[in-house]
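Chain order of the listed sequences is A and B. Sequence positions in the first sequence follow the numbering used here and run 1 to 373. Sequence positions in the second sequence follow the numbering used here and run 374 to 851.
Label-pair ranges, simulated between beta-carbon atoms:
1. Cys219(A) x Glu534(B): 46 to 56 Å
2. Leu592(B) x Ile121(A): 18 to 28 Å
3. Ile121(A) x Ser583(B): 31 to 41 Å
4. Glu678(B) x Phe75(A): 48 to 58 Å
5. Asp165(A) x Pro681(B): 25 to 35 Å
Pairs of lysine-lysine residues, derived as BS3-like cross-links and limited to a Cα-Cα distance of at most 25 Å, are as follows:
6. Lys60(A) x Lys74(A)
7. Lys299(A) x Lys589(B)
8. Lys298(A) x Lys589(B)
9. Lys72(A) x Lys299(A)
10. Lys3(A) x Lys562(B)
11. Lys3(A) x Lys845(B)
12. Lys207(A) x Lys836(B)
13. Lys355(A) x Lys74(A)
14. Lys594(B) x Lys561(B)
15. Lys207(A) x Lys824(B)
16. Lys561(B) x Lys571(B)
17. Lys3(A) x Lys356(A)
18. Lys742(B) x Lys683(B)
19. Lys845(B) x Lys207(A)
20. Lys3(A) x Lys74(A)
21. Lys77(A) x Lys299(A)
22. Lys540(B) x Lys455(B)
23. Lys356(A) x Lys61(A)
24. Lys836(B) x Lys529(B)
25. Lys207(A) x Lys356(A)
26. Lys3(A) x Lys589(B)
27. Lys589(B) x Lys566(B)
28. Lys401(B) x Lys430(B)
29. Lys61(A) x Lys207(A)
Covered, in the sense of this in silico footprint (three residues per stretch, anywhere, with C-beta under 8 Å from a C-beta of chain A), are these stretches of chain B:
30. 674-681
31. 779-793
32. 797-805
33. 808-819
Just so you know, the hints here were simulated from the structure itself, not pulled from any lab data. Backbone N, C-alpha and C define an ideal beta-carbon position, used for all residues, glycine too.
These are the residues of each chain, in order.
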Amino acid sequence: MTKITTNQYILIAVFCILTSKLMTMPTVIFNYAGKDAVFSVMLNIAIELILVLLITGLIKKYNNTTFFELLKLKFKKIIAIIIASILALFLLFKGVFLIQETISFFTLSLFQSINMWLLIIPSILTILYISYKGLSAIGRSIDIYWVFVFLALIIVFVISITKVDFTANLPYFENGFLPFLTGSMHSLFYVGNSLILLLFMGKVEIKPSLFKYTSLFSCGMAFFATFNIFIFYNLFENFVPYCTFALSNLSQYNPFVTELGHIGWLSIVESTINLIFMSSIFCYCVRQYLQFSFCINKKIIAAIISGGLYFVVMYLFSFDLYKMLAFIKDYAYIYSLVLIPIIIILCIVLHSTYKKPSLTTNIYIKGKQNAKV
Amino acid sequence: MSITQKTDALKQMLNNSQDITTRLFICKNNTKCGLVFIDSAVDKLLLSSSVIEPLQKFDFTNNKDNDITSIQQTIIAYTSVKTVKTIEDTLQDILNGFCAVLFEDCQTILMVECAKWITRLPSEPPTSAVIHGPREGFVEDITINMSLIRKRLKTKELKVEQLIIGKETQTQVRVCYLSNIADNNVVKKILTKLKQIKIDGIIDSSYLASFLGDNKGSLFKQVGTAEKPDVVVAKMLEGRIAVVVDGSPFVLTLPFLYIEDLQSSNDYYLSPAHATFMRIMRCFGLFGAIILPGIYVALLVYHYEIIPIKLLITITNSIQGIPLPPFIEVLFIIVMFECLYEASLRMPRYIGLALSIVGAIILGDTAVKAGLISSPGVLVVAVAGMLSYTVPDQSAQISVLRVIFTIIGGIFGLYGLILGGMVLIAYLASMTSYNSPYLAPLSPFIIPDQKDGILKRSLNQQKTRPQSIPNKNARRQG
Numbered sequence: 001m002t003k004i005t006t007n008q009y010i011l012i013a014v015f016c017i018l019t020s021k022l023m024t025m026p027t028v029i030f031n032y033a034g035k036d037a038v039f040s041v042m043l044n045i046a047i048e049l050i051l052v053l054l055i056t057g058l059i060k061k062y063n064n065t066t067f068f069e070l071l072k073l074k075f076k077k078i079i080a081i082i083i084a085s086i087l088a089l090f091l092l093f094k095g096v097f098l099i100q101e102t103i104s105f106f107t108l109s110l111f112q113s114i115n116m117w118l119l120i121i122p123s124i125l126t127i128l129y130i131s132y133k134g135l136s137a138i139g140r141s142i143d144i145y146w147v148f149v150f151l152a153l154i155i156v157f158v159i160s161i162t163k164v165d166f167t168a169n170l171p172y173f174e175n176g177f178l179p180f181l182t183g184s185m186h187s188l189f190y191v192g193n194s195l196i197l198l199l200f201m202g203k204v205e206i207k208p209s210l211f212k213y214t215s216l217f218s219c220g221m222a223f224f225a226t227f228n229i230f231i232f233y234n235l236f237e238n239f240v241p242y243c244t245f246a247l248s249n250l251s252q253y254n255p256f257v258t259e260l261g262h263i264g265w266l267s268i269v270e271s272t273i274n275l276i277f278m279s280s281i282f283c284y285c286v287r288q289y290l291q292f293s294f295c296i297n298k299k300i301i302a303a304i305i306s307g308g309l310y311f312v313v314m315y316l317f318s319f320d321l322y323k324m325l326a327f328i329k330d331y332a333y334i335y336s337l338v339l340i341p342i343i344i345i346l347c348i349v350l351h352s353t354y355k356k357p358s359l360t361t362n363i364y365i366k367g368k369q370n371a372k373v
Numbered sequence: 374m375s376i377t378q379k380t381d382a383l384k385q386m387l388n389n390s391q392d393i394t395t396r397l398f399i400c401k402n403n404t405k406c407g408l409v410f411i412d413s414a415v416d417k418l419l420l421s422s423s424v425i426e427p428l429q430k431f432d433f434t435n436n437k438d439n440d441i442t443s444i445q446q447t448i449i450a451y452t453s454v455k456t457v458k459t460i461e462d463t464l465q466d467i468l469n470g471f472c473a474v475l476f477e478d479c480q481t482i483l484m485v486e487c488a489k490w491i492t493r494l495p496s497e498p499p500t501s502a503v504i505h506g507p508r509e510g511f512v513e514d515i516t517i518n519m520s521l522i523r524k525r526l527k528t529k530e531l532k533v534e535q536l537i538i539g540k541e542t543q544t545q546v547r548v549c550y551l552s553n554i555a556d557n558n559v560v561k562k563i564l565t566k567l568k569q570i571k572i573d574g575i576i577d578s579s580y581l582a583s584f585l586g587d588n589k590g591s592l593f594k595q596v597g598t599a600e601k602p603d604v605v606v607a608k609m610l611e612g613r614i615a616v617v618v619d620g621s622p623f624v625l626t627l628p629f630l631y632i633e634d635l636q637s638s639n640d641y642y643l644s645p646a647h648a649t650f651m652r653i654m655r656c657f658g659l660f661g662a663i664i665l666p667g668i669y670v671a672l673l674v675y676h677y678e679i680i681p682i683k684l685l686i687t688i689t690n691s692i693q694g695i696p697l698p699p700f701i702e703v704l705f706i707i708v709m710f711e712c713l714y715e716a717s718l719r720m721p722r723y724i725g726l727a728l729s730i731v732g733a734i735i736l737g738d739t740a741v742k743a744g745l746i747s748s749p750g751v752l753v754v755a756v757a758g759m760l761s762y763t764v765p766d767q768s769a770q771i772s773v774l775r776v777i778f779t780i781i782g783g784i785f786g787l788y789g790l791i792l793g794g795m796v797l798i799a800y801l802a803s804m805t806s807y808n809s810p811y812l813a814p815l816s817p818f819i820i821p822d823q824k825d826g827i828l829k830r831s832l833n834q835q836k837t838r839p840q841s842i843p844n845k846n847a848r849r850q851g
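All chains should be modelled from the sequences, with the hints used to inform the complete structure.
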């Protein structure tokens with residue numbers, strides 16, 4: 001079976017923490033939490049972090065079996081398919097949302113006028129292609145992208161931090177804890193990128209340092225992302241509701257950037273790579289689900305169906321990000337509210353029911369190998 | 374059967390070709406001998422001094438039982454002499470430049486290797502010129518090429534396997550590797566692939582390259598090529614396998630990684646800091662050569678607000694009045710550039726030089742002055758064209774990708790360029806060459822191999838062989 005390296009897994013986990021958190025999420029949260037939005041962001045990122053750590057722990061334990069196989073092993077097949085379907089539906093919608101987010105922010109930021117189809121069709125084809133190419137292509141691609149993504153993030157961060165007034169949003173919790181909790185709840189759909197990691201179970205070359213470094217780098221990225229959003233809130237203050245895409249606005253309308261010249265495109269390129277790549281991983285997960293549940297052997301067919309599903313969901317929302325955002329704020333968060341606790345419980349159950357492979361089995365296998373030699 | 378009948382029979386079996394020469398002569402005690410050889414393939418001077426003369430002086434009365442072995446061992450003053458029993462072998466050896474020596478009343482034929490194929494002497498290859506380091510290059514003769522390799526690898530671990538490929542050309546192919554370093558599975562896979570080739574002829578090593586690649590029909594190089602023995606030996610020391618083909622000055626090396634084309638043999642003879650700098654420049658060169666015209670078109674068509682205002686004003690002034698839209702204009706210049714390049718390659722050298730001057734200075738300048746194309750457009754394409762030669766081994770692929778990315782940039786803008794880049798990376802990342810990831814050691818990111826990746830550390834810090842290439846013996850030093 002093709003496997004990704006520990007480093008590639010860590011990078012994917014770090015991308016899960018980052019993805020989509022710096023785009024529409026800060027504005028959505030601000031609409032509910034106001035000045036306390038940064039705490040909602042912290043809570044959401046903390047939940048994401050917990051999911052990353054729980055799933056990484058599981059991956060380290062069950063390194064010889066895939067998630068779907070494990071579900072089948074632990075539960076009945078029908079229950080396994082139900083859980084997988086609930087998860088796949090979530091991942092499908094998240095993947096579609098990421099594309100829609102990319103297309104919309106790219107159009108708003110850089111295209112004066114372009115036919116929408118010229119963005120939709122290439123996006124879906126790219127995602128379909130990467131998901132079809134599979135695990136090794138995904139794993140190896142991230143080894144190249146991370147440099148550009150982190151470099152662009154750091155540049156945006158450095159040029160923004162010099163102009164920010166860190167006291168701008170003080171005092172916090174003027175209206176109690178309710179706005180902060182409401183903000184977090186209504187934006188819960190943004191959490192859960194890390195559920196894709198479940199589908200990497202059994203497909204990672206496990207090193208002893210896997211958990212340690214995943215925790216370290218994920219925490220680092222969680223801090224970095226939160227701090228960037230904190231800067232965004234303090235820089236734009238009451239104008240936040242008018243800034244749909246945090247990162248794009250952070251770099252495009254930052255006075256410091258304007259003095260330097262227009263380098264907002266740097267963050268736009270970075271975000272596009274990040275979002276499209278993550279959307280491809282979501283599509284890959286949907287493909288895996290289709291292959292598992294409907295016993296589709298040919299991966300090209302499963303990839304085409306996933307791409308088709310992406311298109312259908314986008315069509316249902318009339319290719320409109322704002323319709324999608326409204327749906328997320330009003331309904332989709334409920335789905336996350338149910339799914340995320342289920343996954344957390346599932347992870348805990350799988351952790352607790354884990355049995356170390358018995359020594360005799362190992363000896364038997366070792367002996368068999370020796371005999372073969 | 375008389376000696377005349379024998380030689381005539383051989384000639385007839387070789388289709389009575391006019392360049393098949395038969396020579397009959399009589400030895401001391403009236404024993405008749407005959408020679409059959411290809412006129413243009415043998416060294417006639419040596420043949421007469423080392424075969425005919427000694428045989429004419431030889432007294433066959435002492436050789437009562439027509440003992441060919443004693444003639445082979447004592448009379449023929451050639452390094453390679455053998456006896457053959459079958460007619461097929463005889464014919465094939467004659468075609469390979471051997472001279473068949475036939476004796477009256479003797480069934481065995483003596484084959485003397487006296488081939489003298491026209492070849493040139495090793496010289497500095499035009500495509501791999503270096504400032505420092507060895508200047509010897511391979512030639513079209515496999516024996517010379519093997520001697521160039523052997524000269525640098527005086528070890529019993531250098532193993533050479535020979536195959537004959539090509540039904541009509543009967544081309545010698547030698548697979549060379551260091552048996553204590555190269556991975557057996559890779560060697561086995563290469564030999565299996567070579568043995569499976571059923572083709573009428575192998576004219577050049579590039580013929581074999583298309584059979585040895587793992588990804589059929591790919592735009593990208595699947596097999597490494599080297600024109601210099603020092604490069605081949607360095608690659609073999611890293612665990613690669615070399616395939617030497619008779620008639621080709623290019624030796625193939627496998628497995629092949631994309632990064633090899635970003636490295637030059639010159640890097641290993643310069644200071645590591647300078648080599649690193651040059652490699653980074655090559656990466657920029659590669660990136661710019663592919664994407665620069667695409668970015669220029671995308672910016673002018675869709676995203677001119679990204680361009681700094683002063684630069685935008687300059688460009689706008691230059692493109693004012695140009696009848697073609699930027700997309701078509703740049704495509705037109707690229708096509709003209711490629712045609713000019715192709716024409717200058719095909720033309721005789723002195724005309725090619727004149728053509729370059731006419732194309733680059735007169736045509737370009739006149740077209741700009743006439744207002745048909747803009748000077749920024751010419752500049753961008755010229756810079757991209759020049760950059761492509763920072764990585765000369767990839768220039769063919771770059772030319773195709775440049776056109777593709779220009780079209781993508783013109784239709785889909787910067788967004789399309791990003792997506793195109795992502796598809797390209799996914800495609801390259803999914804490729805392997807004999808189980809080695811094509812983009813290694815960048816992707817997957819192999820930390821120990823970064824000592825000789827884009828960065829270059831000094832040789833005393835490279836204590837192990839690259840992990841990207843499967844090998845048996847990881848340690849290089851100590």
